[in-house]
Each structure stands twice: as C-alpha cells, then as structure tokens.
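Chain residues, written in single-letter form:
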Amino acid sequence: DIVMTQSPDSLAVSLGERATINCKSSQSVLYSSNNKSYLAWHQQKPGQPPKLLIYWASTRESGVPDRFSGSGSGTDFTLTISSLQAEDVAIYYCQQYYSTPITFGQGTRLEIK
Amino acid sequence: QVQLQESGPGLVKPSQTLSLTCTVSGGSISSGNYFWSWVRQPAGKGLEWIGRIYASGTTNNNPSLKSRITISVDTSKSQFSLRLSSVTAADTAIYYCARGKIPTGGHLDNWGQGTLVTVSS
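Quick note, the sequences are listed as chains B and C, same order. So the first sequence is residues 1180 to 1292, counted in my numbering. So the second sequence is residues 18 to 138, counted in my numbering.
It should be emphasised that the hints constitute simulated quantities derived from the structure, not laboratory data. For glycine and all other residues, C-beta sits at the position ideal for the given N, C-alpha and C.
To list a few chain B residues with every Cβ distance to chain C over 10 Å, as calculated:
{"hint": "1", "residue": "V1182"}
{"hint": "2", "residue": "E1196"}
{"hint": "3", "residue": "R1197"}
{"hint": "4", "residue": "N1201"}
{"hint": "5", "residue": "S1211"}
{"hint": "6", "residue": "K1224"}
{"hint": "7", "residue": "S1250"}
{"hint": "8", "residue": "G1251"}
{"hint": "9", "residue": "G1253"}
{"hint": "10", "residue": "S1261"}
{"hint": "11", "residue": "K1292"}
For lysine-lysine, the following DSSO-like pairs were computed, each having C-alpha atoms within a straight-line distance of at most 30 Å:
{"hint": "12", "chain 1": "B", "residue 1": "K1230", "chain 2": "C", "residue 2": "K118"}
{"hint": "13", "chain 1": "B", "residue 1": "K1203", "chain 2": "B", "residue 2": "K1215"}
{"hint": "14", "chain 1": "B", "residue 1": "K1224", "chain 2": "C", "residue 2": "K118"}
{"hint": "15", "chain 1": "B", "residue 1": "K1203", "chain 2": "C", "residue 2": "K62"}
{"hint": "16", "chain 1": "C", "residue 1": "K83", "chain 2": "B", "residue 2": "K1203"}
Please work from the sequences and hints to get the whole structure.
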C-alpha cells in the first residue's frame, strides 16, 4: 500500500495569511505515460462529507476558489491557501489514486489563530 | 449535478453483516466514465477506502478488510451496495459512498452525505 503522510497534523493561521499543508507519499504517484501525479486534496468541514478541491496534484475542481492551489510531483505535494478565510476552517486530506488500495493522509486540522 | 445518498440500518449486531445502499441521482451509474466507491470514517478519525465497483461489475477491494467485503451494482435501480460481514465494534463508522472519475485517473469527485453505522449488541 502507498502510505500518505501529511504535515503538520494541525495548523493555526491568521485570517488573510497563507496556509501551507504538506503531503508525502511512500512511493511515486507520477504516471510517466501522461506526466500526471495521481494526487487529490479534499476538504472536510465539521459534520460534512469530504469535498474535492484539487486533483492531478494541481488542477482545481470546478467552483473551488482560486485561493486554493496545489503543487508538487512524484512523492512530495503541497496544498496552499493564499489568504485564509473563516470558512476555510476544516480538516484537509491528501489522497493518492495511483494504485489500489486508494489511500489517504491522516488529515491536517486547520484553525484560525 | 450528481447526488449520492447512502441508506441502511444504523445499528448492526456484532458478528452480523452490515448492508448499505447508495442511490445515484442526476447522473448515470452506467456511464463508463465513473466507478463507485465506499469509504468509511470512524468518529474523530481519518478516511479509509473500502472498495469500488465499475458499471461492468468489476470490483477492487481493500485487502485490509480481507474477504469480508462484497460490493455490487444494480444499474436498473441506479444503486450500488456494500455488504461487510462478521462486523465488530471496530467497524463502527460513518460510511460514505463516492464517485470516481475515470478519465482523470480515478479521483473521488462527488461524495454522499454519509451514514453512521454503529456495531453494538
């Protein structure tokens, strides 16, 4: 199984400031045939299901605000929120879909400082 | 916009079989562009992928759950189902159904609201 490890486990950021969450996979999730990393980011607010933010490591899902961006390739990835809003308080999960079983990171809890 | 809705008993006795159904609306469960997954989340914990099924009936399951999983699809009802046998308290969780988008590699792009299943006598 591919193990996904996120850092930090929790993060407190002031409103309007940048938030950065990291995700590392135990093996590469890059498909050489299309040069795409099979890595997604999901946001889960309290009492709600996860919501897709980013796929292919850096492609924003339709309707997701552009303050959310993803970067990285291979084994190391980053989710950045450029200017934190109050509604961004949530737990963020990375997910690899390069191979089965699909696996998730342990989650990063983002709070307002 | 596709919607997924889980349904099934909220309480299951230990050693019995958990059965859940996900109803898909607003989109075709038969589309070759998607697969259909189950994911679970124990209270206060992270996400665990259980398995998936394609409209053809092909399945992939999480080996961590060994042979306890059966996932099936009924395209005539626009539903897919999960059966998890020999449950224990460790299977208590919110169970989500989700859609995977095949043309972009299989990320999970739509989730149901989830249903809480408690295993207790």
